[in-house]
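I would like the entire structure built from these sequences, with the hints used as guidance.
Chains as they are written, first to last, in my numbering: chain V, 1 to 329; chain R, 1001 to 1295; chain H, 2001 to 2314.
Hints are computed from structural coordinates only; laboratory data are not their basis.
One or more of the hints may lead you astray.
Which stretches of chain H does chain R cover? Using the computed rule of at least three CB atoms under 8 angstroms from a CB of chain R, they are [what the hints assert, rightly or not]:
#1 2098-2105
#2 2173-2185
#3 2277-2291
A few chain H residues that face chain R, going by a derived Cβ cut-off under 10 angstroms, partial list only [what the hints assert, rightly or not]:
#4 Val2065
#5 Ser2067
#6 Tyr2248
#7 Val2254
Beta carbons are placed, not taken as given, at the ideal position from N, Cα and C, and that holds for glycine.
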Amino acid sequence: MPADKHDGILQIRDLSLAFRTPAGRLKVLRDISLDLGRGRILGIVGESGCGKSTLISTVMRLLPANAEVTHGEILFNGNDLLRKSEAEMRALRGGRISMVFQDPMTSLNPVLSIGRQMIDIQHRERRSLREKRERAADMLARVGIPDATSRLSAYPHQFSGGMRQRIAIAMALMAEPDLLIADEPTTALDATLEVQIVGLLERLQEDFGCSIIFVTHHLGVVAELCQDVVVMYAGEVAESGSVRDVFHRPAHPYTEMLLRSDPGRIHERTRQLPTIPGEIPSLIDLPEGCVFRPRCPKAFDRCFVAPPAYEAGHDHHATCHLLARETVA
Amino acid sequence: MAATETTPITKPRLPGSFEIAFRLLLANPLGLFGLCAVVLIVLTVILAPWLAPYDPIRIMVGPRLAPPSLDHFLGTDQLGRDVFSRVLVGGRIALLVALASIGAALTLGLALGLAAGFGPRWLDNAIMLLFDTVRSFPVVIFGLATVTVVGPSLATIIFIVVVTSIPTFGRVARTQTMAIRNDEFIVAETAMGAGAPRIVAVHILPNIIGPLLILASMDIPVVITIEAGLSFLGVGVPPPAPSWGSILSDGFSYIRNTPWPVIAGGIPLILTTLAFTFLGEALRDIFDPKLRKDA
Amino acid sequence: MWLYLVRRMVLAIAIVAVAVTLLFTMIHMVPGDPATIMLGPRATPELREALRLRLGLDEPFVVQVGSFFLSVLTGDLGIDIVRDQPVADIVLRQLPYTVALVLSAIGWATLVGIPLGCFSAIRRNSLADKLIAVLSVSFIAIPYFVISIYTLLIFAVMLQWFPAIGVGEQGDIGSQIRHLVLPAFAVGISWVGYIARMVRASMLEVLGESHVRTARAFGLSEWRITFRYALPIAVLPTVTILGVGIGYLISSAVFAEIVFSRPGIGSLIYEAVGQRNYPVVMGGVLITTVLFVVSTTIADLVNAALDPRIREKL
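So this is what it looks like as C-alpha cells:
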C-alpha cells in the first residue's frame, strides 16, 4: 500500500480554485488534496455542486475562462499540470489522460459518424486511415458493440444511451491512457445499464492497467468498483481513505449521513428516506469554521475554527474536530 | 470562544428590477446612444411644426435644388421647397405610421396568437397557414399588389404594415402561450373550473406582454423602412405630404445633378432606424435574451 | 424522404393557393369593375366588355379562381393586357435577372458572413468582435433601398468605379458582371450582418455543448474543433434562415432593380402596378411566392444533407 503512494500517478496538493462571477468570487475548491496510486480506482463522491466536476475539469485543464486556480499543484507522473503550457496539456489530453463524460446523449458529436470521431481522436498516431479504422472497430468490439465494423458509419443518435457510453469508453481507452477520468458515467443510465457499464470498466481496467478516477454520487458503485474514496463536501475534502475504512468506519459526520441516506444501503422498509437536512452553504459567503457545521448534528464550539485533516487510521483522513477530541480524550 | 455567536447575515438592499434595467441600459453604450437619439428624435418630431422654418408643402419661388445654406439648412428640392422642413415633418409621418400600425398589429397578433395557442388544433393549423402565407410574400410585393388594388393612401400603408407584421407578433404570442398553457398551475386551475378568459387574463397575458412589447420596439425601424420604401416607390403616402421616402424619391431623380436631397432624405432614415434598433436590441438583451431565437 | 417532399409540395401549393385566392379576393373587394380600373374611365363600354370577357371577369368569383389555377397548372398565367403577350413568357424572361441578382447577393454575403461569424465567436468580446457586431446591426437596420441609393451615389455617381444603370451588353459576361457588382453589393450587405450574427450566436452555443468538451478532452486542435466539429452544426439555423431570406431578398431586389434600372421580376411588378396590369401583377406575385417556397425547401434539404438527425426523420 505505501508503495502505491510513492508510485502515485496523480497527486493533488492543496488545490484551491475560484470562479469570478458578477456576484463575487465563488470559492469552488478549497485545499483539495488527494492521491491516486498506479493501477488503482479512486471514487470521488459528494452531493451535486460539491465541486467534483470542477475538480476533474481542473485536472484536465478544461476550465471556463472565469476560473482561477489560487493555490496548489496537480502532479501527474510527478509533473505539475498547472504549470504546463496549453500545447503540452493538449498533448496529454486523449493521450496519457482521457475522459468519459456524464451524459452519453450529448457527449458525442451529432453530425459526425462514430467512425469519423474515433479516427479523429487518433490524430497523434502515425497510422494509415485503414489501420485507424480497424483499430476503432477493434475497440468497439472490445466494449461489446455488436457488428462493430459496420457500426462505424452510424451516427450517435442511432445508438441507445448505454451503447453510446460504451462507445465513449472505447474512445477514452483507445490511446491506452495512464489515467482515465470518468465523470458520473452512469448517472444518466438506468440501474441495469449502470451495472453493465461498471462491470465493463472493471474488466477493461484489468486489461489496460490504467488508473481510474470515478466521480459519482452513487455510493453503491464506489463500493463495487473502487479501492479508494474521497468524500467531498462544499468544495472541500471531508474524508478520504480506502473504501473499506471509509464505508465501515466513517470518521466524518457528513460521510456517516451520506451513507445513511444512500437508498442502495437501506435494507429495512422505512416510511421516509433519510435525508441530510439543510443546504450546501453559499460558496461566496462561507460559514465560519467548518463548512459542514450548519448542518452537522454533532457540531460543538470548536467547529467555529476550520478543522485540519486529522488522521483517522492508516491512510484514512477526515477534516473533523471530533477526531481530535477522541485522540485528546 | 463565543460558541453561541452566529454568523451575521447581512442582506444588501436589492435594487428594483426597473432600476437594474436602467443601470444596465446606461452601461450599454449602444443602448444609451439609442435611448438618447430616440428621445431626441421623438422631441424633434413632436415639435416639428414649430421647428420647421418653412412650409414643407408650399412650392417656393426661391432657388431650386440648392445646396445647403444658412437659409435652407439642407438645401431645396426640385420645386424649391425647403428640404429641412420636409425632413422634420416627414418624421411625423414615419412615427405616426409606426405607432398606429404597430399598435394594431400587436393587438391583432396577440389575439390570433392566443387563439392559436389556446384554441383547438384545427384553429391553430388554420392560423399558422395564414401566417405562413403572409410571410411567404415579400412585404414590398404585397404592398405593391395591395396598392394596385386599393390605391395609395396613409390608411393603405398602415393596412399593409399591420397585415405583414401580425405574424411576427402572433408567432411569439402563440409560442409563449403554448409554453405556459401546459404549466402545472394552469392545468390545476382548469381542473378547478377556471374558464379560458380568466386563465388568459390572469396568467397568460402578463407572461407574454413583455416579450411582445420588446418585439414591438424592435419592429419600429422595420415599419419605418416599409413606409419610406413604399413612399420611395411612389405607392406610399401620396404627395405632397413629405414622407422621407418621397424626399428620397424626389431627390433620386436628380441624383446626377445634386446629391443633396438624397443625402438629406437618407440621413434621418438611417439615424432613426439605427437609434430604434440599438435601443430595441439593448432592451431585449436586458429583459429577455431568449427572445433572440423566437423572433 | 419522398414523403417529406410530397408533404412539402402540398404545403407549398397550399400557400400559393391561399396567396392567389387572397389576391383575387382583394381585387374583387375593390369597389368598381377591374376592367374599368384597368382601362381607365374614358374607355368605351364595348372595349370594357371585351376585356371583361377576355379576362373571364363575368364568371362567378369561384370559377375565376378555379380557372386561374387550372391554367396555372398548364403553365398559362394569362395574357399581359399592355403588351398583348403571354404573362408566363414575360415573367420567365425577367426571372433570370432577378435570380442572378439574388444568388450573387446571397452568395457573397454567405462567403463573407460565415467566416466573420466564426471569427467573432472565437474572439468573442474582443474589440474586433464588438466592431463586427455594431456594423452588423447597423447594416441590418439601415433600410435596404437607402443602401442601394447611397451605393449608387458613392460608387457610380461620385467615384464612377462601376456602371450605374442597366444589366450590361447582351452576351458580354464581363460587362454584365460589372453591372451586377453594385446591386449585389447593396442587396447582400445587410445579409453579411445577418449571417455573421447568426453564425456567431449558434457557434457560441455549439462551442458550449458537451460534445465540444469531449473533442477538447481528446486533445483535438481548436482549429479542427471549430471548423470540423462545431461549424457544421452552427450553420444549420443559418441555412434555414437563408432559405427564408431568399424570399425576403426579393423585396430588396425590387428596390435594387428600380434604383439601378435593372430588368427583373421586381421592376416588372412595379411597372405593372403603375399600369394596373393585373395579370402581370398576379403572375409576378405567383412566381415570387413559388421562388420563396422553393428556396425554403432547398434550405431544408441542405439541412438534411448536413445533419444526419434530420436526414433520418425525413
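Here is how each hint holds up against the structure:
1. 2098-2105: The restraint on the stretch 2098-2105 of chain H is violated, since only 0 of its residues have a Cβ under 8 angstroms from chain R and three are required.
2. 2173-2185: As far as the stretch 2173-2185 of chain H goes, the hint is violated, because 0 residues have Cβ atoms under 8 angstroms from chain R.
3. 2277-2291: holds (count 6)
4. Val2065: Since the shortest Cβ distance to chain R is 15 angstroms, the answer is violated.
5. Ser2067: Status violated, d = 20 angstroms.
6. Tyr2248: Holds, because the Cβ-Cβ distance from Tyr2248 of chain H to chain R comes to roughly 6 angstroms (cut-off 10 angstroms).
7. Val2254: With a minimum Cβ separation of about 5 angstroms from chain R (threshold 10 angstroms), the hint on Val2254 of chain H holds.
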